[in-house]
Each structure stands twice: as C-alpha cells, then as structure tokens.
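Use these hints to put chain B onto chain A, whose structure you have.
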Amino acid sequence: MSGLRILVPVKRVIDYAVKPRVNRAQTAVETANVKHSMNPFDELSIEEAVRLRERKVPVEEIVAFSAGPPKAQDILRTAMAMGADRGIHVQIDEKEGKGELEPLGVAKLLKRVVEKEKSNLVILGKQSIDDDAGQTGQMLAALLNWSQATQASKVQVEGDSVIVTREVDGGVETLKAKLPMIITTDLRLNEPRYASLPNIMKAKKKPLDKKTLKDFEGDFSARLKTVKVTEPPPRKGGIKVEDVDGMISKLKELGAL
Amino acid sequence: MFSVARQSVLRQARTQLRLSQPTALPQYSALARLLSTLAVLEQREGKLNASSLAAVAAGQKLGGSVTAFVAGSGVKTVADEAAKVKGIEKIIYVENGAYDKGLPENFAPLLVENIKKGGFTHILAGHSAFGKNLMPRVAALLDCQQISDITAIESEDTFVRPIYAGNAILTVQSSDSTKVITVRGTAFPAPGTEGGSTEVVEGVDPKAESPTEWVSEDLAKSDRPDLGSADKVVSGGRGLKSKEEFDRLMPALADALGAAIGASRAAVDSGFADNSLQVGQTGKNVAPQLYLCAGISGAIQHLAGMKDSKVIAAINKDPDAPIFQVADVGLVGDLFEKVPELTEKLKSQ
Chain A
1 MSGLRILVPV
11 KRVIDYAVKP
21 RVNRAQTAVE
31 TANVKHSMNP
41 FDELSIEEAV
51 RLRERKVPVE
61 EIVAFSAGPP
71 KAQDILRTAM
81 AMGADRGIHV
91 QIDEKEGKGE
101 LEPLGVAKLL
111 KRVVEKEKSN
121 LVILGKQSID
131 DDAGQTGQML
141 AALLNWSQAT
151 QASKVQVEGD
161 SVIVTREVDG
171 GVETLKAKLP
181 MIITTDLRLN
191 EPRYASLPNI
201 MKAKKKPLDK
211 KTLKDFEGDF
221 SARLKTVKVT
231 EPPPRKGGIK
241 VEDVDGMISK
251 LKELGAL
Chain B
1 MFSVARQSVL
11 RQARTQLRLS
21 QPTALPQYSA
31 LARLLSTLAV
41 LEQREGKLNA
51 SSLAAVAAGQ
61 KLGGSVTAFV
71 AGSGVKTVAD
81 EAAKVKGIEK
91 IIYVENGAYD
101 KGLPENFAPL
111 LVENIKKGGF
121 THILAGHSAF
131 GKNLMPRVAA
141 LLDCQQISDI
151 TAIESEDTFV
161 RPIYAGNAIL
171 TVQSSDSTKV
181 ITVRGTAFPA
191 PGTEGGSTEV
201 VEGVDPKAES
211 PTEWVSEDLA
221 KSDRPDLGSA
231 DKVVSGGRGL
241 KSKEEFDRLM
251 PALADALGAA
261 IGASRAAVDS
271 GFADNSLQVG
281 QTGKNVAPQL
291 YLCAGISGAI
301 QHLAGMKDSK
311 VIAAINKDPD
321 APIFQVADVG
331 LVGDLFEKVP
341 ELTEKLKSQ
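Sequence lines, in order, name chains A and B. Going by the numbering used here, the first residue of the first sequence is number 1, and it counts up by one from there. Going by the numbering used here, the first residue of the second sequence is number 1, and it counts up by one from there.
Isolated chain B, as found in the complex:
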C-alpha cells in the first residue's frame, strides 16, 4: 500500500518536474544534442560590429552549440575579439578582402560552403542592412524559407515575429531542415564581450567571383550613440517645420540627455534629417529606455519602429495626435517653446 502511494507520488513529482522545465528542449533531447547554430557576425574595417552579437544571443536561447562566423580582410583580430564573447563555442573566420563589403553575390556562396561543411541546423544573423541583403540569398541557395526579424524563440523550430508593421504578432513553425533566420537586435541584447575563451579556426573559402562591384559609400558621421542600440533616443517629426529648426533643436536636446537622434519618415522625406535616422517600419527599430519625440503624430508605420521602448514621452501641439495613445508621458504644447525649455532644464540638473 505504502509503496504504491510512494510510486504514484514519485510519478506525479516527475511529471510536474517535466512540466516545469522552462523550454521544450527536454522533449527533443535527441534533437537538442544535434542542434548547432551558426551566428553570422558583421565587421567593418577590422572592427566587430557589436550589434551583430544579437545573433549569438539568439543562438544561446536556442540551446545547442553556437559557432560564430566572420569574413573579410584582417578578420583574425575580429575573431580574436569575438572569442572573448561568452557562450560561443567556436569561431570560423575567412581572411579575404573580397568579403569586406558584404556583397551577397560572393558572401552567400561562402556561407553556404561553411554551413554545409559544419552541418549547422540554424543560421542566424542580425536583421540589419547586411543581414537583410545577404540572408535571403543564402536561404534560397539552401532551398529554405527564411524567417525574418524574429523577436522570440518558442522552440528549435517555432519562432515569433511581428507582421503588418507590428500590428500583429505571428508565431510560425518551420519544416525546413536548416532554419535561416534574421533576429531583431533590440529583442536579443548582445552578450557580454568579456571573459569567454574560444577556439578560432579558419573556414573554407570557395572564392566565388562577385559580378557586382562595390564603388563607394557615404556614411553619416556621428559622435552620438548608435540609434539602433542607444539607451535614449530623441526623435523629431514634421512638426519641426524645417531642417534649420531640426538642427537647432534636436541635437541640443540629444546632447542634454546623451541620446541618439531619430526622425519620422515625414521629417526624412521633407529633408529635415538624413534617412539613416528614420525610425519605423521601413527604417530602424529601436527599443531604448527612453524615446522622447517632438512633432511626431504617431502614424502606425512610425509606431512599428518604437513602440517597444520602455518609456515613451511625446510633445505635440495636437491633443488628439495618436502618439498620445502610446506615450507614457504626454505634453500638449508648442515644441518650439517646450523643447528649448526642456533642454535648458535638463542641462541645469
């Protein structure tokens, strides 16, 4: 009698234990052992792009091993730098200047060779200009349906991503044997870049020719924090009326807060701000601690890029502007008075 009771208690405890496991991995323990992720890192002129470590962070959430990949000229130093990142099992690097500009025509075959050689089950990269340009090409070469801009991982084959400018959240299950995925950086904070020690190995280089030639680039120079990863963002819209007013009011406010500067599409289209500053469905996604915007009405395309911000503050003269429906703190007033006043008061603190 006693032993029967004990057995049933044991069984119950075991079942509960199983249920309380945080991930679905134990059910797929055989799969989990085989699960291996390749995280594609970005580099520019021999420097690791830290935001691309989001791919590593997502890989760690998947479970299984995480291998990082980097290619370009002088990337051994990048590989050594990335080797300090915790949670990477191995780093594959390919030293060849042909990959410096991330042209997908030769970068995609390069990745495919290394994916096939390593037998990876998941290929992850950041949903940046680089990742967006490259990964679908890789996916098609592998005959896989890519999953773009994921914000969460449910299990090794099930992922969550926003659709319709973030107005709906889609959970999808992939039947592809290799999962090619881009990850939203703000949803997967980069792991620490200290304390790890990782094996660094050379990858295979198929040396595919690129029919496309890189000619030049023109990048906006800025001493301010990077818009995509800044803790604070100040953002201006059409309400600023001109480029002169944008340049007069927004940088001063940004400097008072130590914030990055963003802009709405209306401000960019009107020429007030550079298009690399655009926040929204077709621009950058940001999720800072503080998103402070002035003269932005809050169209759904803009909200798509900033509504995951921790605190949203808005200054707008129209009390019915949709931005006030998402703002934690709203101030109805003329931004030409309120922004300078706010800048002064923040500075004097």
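So here's chain A without its partners, still in its complex pose:
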C-alpha cells in the first residue's frame, strides 16, 4: 500500500453556541452577522486524519475540502492549521439565496473530487449541526460503491484494512473493511486540538485551490424547495417549587405521576 490519501470535507456553519433565529420572512435562519465556525463533527474528522499520521500510519496527504461562500476559506485555513496539507474550495454563489447545495449535490461533487485526487479514505462528520441531515457520507459511499462506517468512535488502520468501532442504538459495534472507504465521525472519536499561532501562520502559506461548480461535471441542483422556516412553538413558562413535596404534588397535578 502506497499510503493514505485522505479527503476531509468540512462545512462552515453557525457556531454551535449561538442560538439561531428565524428571519422575519420565514424563509431561512438569519445568518448575517452571526458567528460561524467549522462544523464540530468536521473538526473531529480533521483531528482523526492528523492523528492517523501521528500514529505512524503511512499518510501521503490530507486534503481539506469545502463547498460554500467565500468565507468558507476561513475554515479551510483552520483545517490546515490543524494539520491538513492543502485545501480545495468550491465557491458557491450565495446571491440567489438558493445557492446552498443539498447533501446529494455535495456527495456528487465529492465523488468528482475523490476521483480527481485519487483519495482512498474520506472522513466526514456524521452530520452538520445546521441542517442536521446526516446523509452526505453515506450518499458518497453509495455513489462510489465503497464501504462505509458511520458514527465512528474508534478507527484503526492496519495495512489496507480498517477496523472501525461505531456507535449504534444501545451500544457499539465493530466493522472491518478494506480501503477505499468512507468514515463518518461521532463525538467520542477524539478531542480536536486547538490550532497554535505558529501553525495558523504556516497554514496561510499552504496551497488553497479555488474552484467553482462549473469546474465539475454533473447536475448538483436542489431537489427540495423550502416552503417555510418557523420558530418552534415555545414552551409555556413553568413554575418553581419550594421543595420536593411541592414538586411531587405539582407533577401529580400535571398528570405526570
């Protein structure tokens, strides 16, 4: 085996600590002047790729990829500061408001990138915290007809076989597959590192390839139309009780006991 050529797709999302607000026209969530960051699961993907290299697994290259607005380059720089060797940015025009790719479109785009870069391992986050779809990795695996191991909490590479422990309902299961394959990361996989200042400076010099959708063949158009986006119904404000007896009697009153 010549070595791993790892592709790590990352997504720029509203920071996980920000409470999203629905816009007045009920067409989307307000994104202007809101703090954005790398999707937390994608940080785990980059971290795992870098750790594979640190564990002396032969890693030829780690390529970070993002499709999104011009500002998505910021998170590609973050990925490179964490240890990715270079970045690819497919700039998506946001002007029409319909610019965002759906998971199927991203998977089709990634298939092209995998073929071009000759990647043999793609590590993705299990879901993005904005759309919460959790589809892209599995879709890419289908399009490439590769093995998939989703919600990984442990990854071991031995030669060209990969052993992945994945989180399932009620516990964990372990799978074994041969490269090439797709892995999606779960929270317990690792603890992502902070990019150090020297590494942030170095990342500025790493190559970042800029592309547009026109550079790729295929139909990446959206299949879903947003009818509306609304705020969830608010819960009625509850009451505070003084003591345990108060809690029990209130719960009885509400019919919960």
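I should point out that these hints are in silico values taken from the structure, not numbers from a laboratory. Note that beta-carbon positions come from the ideal geometry of N, C-alpha and C, so glycine has one too. A portion of the hints provided could be inaccurate.
[What the hints assert, rightly or not] So, partial list: chain A residues that the calculated Cβ filter (under 7 Å) puts toward chain B:
(1) Gln26
(2) Val29
(3) Ala32
(4) Leu104
(5) Met139
(6) Asp169
(7) Glu173
(8) Ala177
(9) Val227
Below, chain B without anything else, positioned relative to chain A:
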C-alpha cells in the same frame, strides 16, 4: 329563481365541504391512488423492533397503501408478527442471514431492487442508527435527496422537520419522484400490534456482496424501559460530579418511577454514563410523559433532544440555569439532597 338559489347554495356547500377536508389528498386524488409506501422494519435476532413501526404509522398518515419490508435470517416469524399490525397491506420479507446486521453495503441494493420491483413512491424508515446508516445510501442509489427525521406530513410531497438542533422548523417540498424519508419515532406513535391480518410475500434478493465485514458488538444490557420509547425518563448531567454518584442516585430514582435513564453529553463525556444514554441533538430524541432531570444546565444541544416531552421537571442548584426556562416544574436546590429525598417519597407512595 328558487332553483338558482338552490344551485348556489349547493355550490357553496360543496366548496365548503372541499375546504373542510382534513388533508390535501382529494385535490390529488389521481396521485393518491398511485401513492404506495414501503416501510422498512428493523429486526434483531428474529424479533421485530417495535419502534421501527413508526415508519408504518407515518405511511398511514400519507394515505395510500403501506407495504412493510423486513430482511434477515428467520424473518418469516418477524413477518408473521408484523402481519398483526393494523394498516399494513402487505409484508415483503427476504430470508437471508447476510442482512442480519443491517450492513448498508448489501442492504441498500436489496432495498433498491425491491423498491423498483414494487414501484413504491415513498420509502420510510425510523431515524434510528439503522435508518440513519442505511437510508441515505438507498436515496443516493435512487438519485433522490432524502428528507431526514421528519416530525409531520403536510402532503404527499411536503414534510416538516427540525433543523438547527430543533431551534427552527423547516417545511420542505420534494420534487423527487421517489421520496426517501426517515421519521422521528416520537412524532409517529407505533400502531397497535394486534388485530391486523396481512399478506406475507417473499421479496427479491439480489444477493449483493458486502465488502464490509461485521466483527462484533457490545450492547449495554438493561432491564429498564427503552430510552427512546419510555413514558418516563430521568436524566442526569454534569452536576452529579462522578460515575459513582450517577450510579447511586439515578437508577434508584428511575426504579421508583419505572423510568428509563438518560444523560446529558457532559455526563457521557465525563464518563458518568454510557454514551447510548445520551439525550440531545447528537444523541437520542425523547418525548416522554415526564422528563425529570437533575444537574443538567440545559444547553441548546440537550434541549433539542427532550423539549417535546409532555412535562419537564428539573432540579438544579443554579436558579438561572436555562433548563428552568423550559421546565414545567423547577426545584432550585442541591441534587445530592433533593434526589434521594424525591426517591424516598416516591417509593413510599
């Protein structure tokens, strides 16, 4: 004169009748006749996973016929069991041990073959670990954009789902000819498992090889109700301080209530509880009658998984904890005093 008046009254009555129809189906009556759903059921060691019947419940809401699908070794018995579920028109089963572990590499081609053969318009499965792993692979093979974790159905092509950890509710309309969908179990209560009688037929088996090999599993054993479907859930957070305290306080409270045990991500990450107990955006979604939590601050990622609970009760020593903004009953106090007291008082009732 009279006849004109009568006609207009009739017309009005007819229009009103049409408007008062509960669903959009009459407008699409031609479509409704063609609408047919395949509900993918889960089984483990020859036993039907009852929570996967949520897919059947959602299929019934769509209208049209509902066919259920199950595959694995010894699944004829599962199919016969599912045949008692009301509202299923037909059950397709594929008897083959290769599908026991639900590996998407061979399960997805299996489903695709049966979908094409049956000409189904809607493919539904639960938004469980099994459904989440499998369905996007099926969708991509069919060149469809899947719709994940729906909580409501507006019409045959329009669905409602939470986004941003449940902080926004999205209504989407799909233009795909086949709709591949995962459904949130707590939003579609499983239909009764008695009284139905259904045709059970064998499906096609393309016998695709799986390049991925299943090695082993390690499932937490529990006598308590299943977290995802329990009527009552007690949940502990970082405030419990250690695994010892979690194990001392939470199971006793759960047993006093007959509840399942859940945990916040902080508690899971700190090793207090097994990660299969995690409630939240990245863990399980629960919507029990009672969600009683102790030592949980109420971060938005946690609220995403439990805010559809009927009654939320919280014990926390910080009166400003965000959990109190959603709790119906809040008690400010030290959980190390309050939880044992609550356990004792519930037991003595």
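Using Cβ atoms only, decide whether Val227/A comes closer than 7 Å to chain B, and label the hint accordingly.
Since chain B brings a Cβ to about 4 Å from Val227/A, closer than 7 Å, the hint holds.
Close enough to count: is the Cβ of Gln26/A nearer than 7 Å to one in chain B?
Violated, because the Cβ-Cβ distance from Gln26/A to chain B comes to roughly 9 Å (cut-off 7 Å).
Taking the closest Cβ pair, is Ala177/A under 7 Å from chain B?
The hint holds - Ala177/A has a Cβ within 7 Å of chain B, the shortest such distance being about 4 Å.
Interface hint for Val29/A, Cβ within 7 Å of any Cβ on chain B:
holds (5 Å)
When the nearest CB of chain B is found for Glu173/A, is that gap smaller than 7 Å?
holds (4 Å)
Against chain B, with CB atoms and a cut of 7 Å, does the hint on Met139/A hold up?
Nearest chain B Cβ about 4 Å off; hint holds.
Minimum Cβ distance from Ala32/A to chain B below 7 Å?
With a closest approach of 15 Å, the Ala32/A hint is violated.
Restraint check, 7 Å cut-off on beta carbons, for Leu104/A near chain B
holds (5 Å)
Once the shortest beta carbon distance from Asp169/A to chain B is found, is it less than 7 Å?
holds (5 Å)
In the structure shown, a violation is registered for the earlier hints numbered 1, 3, in ascending order.
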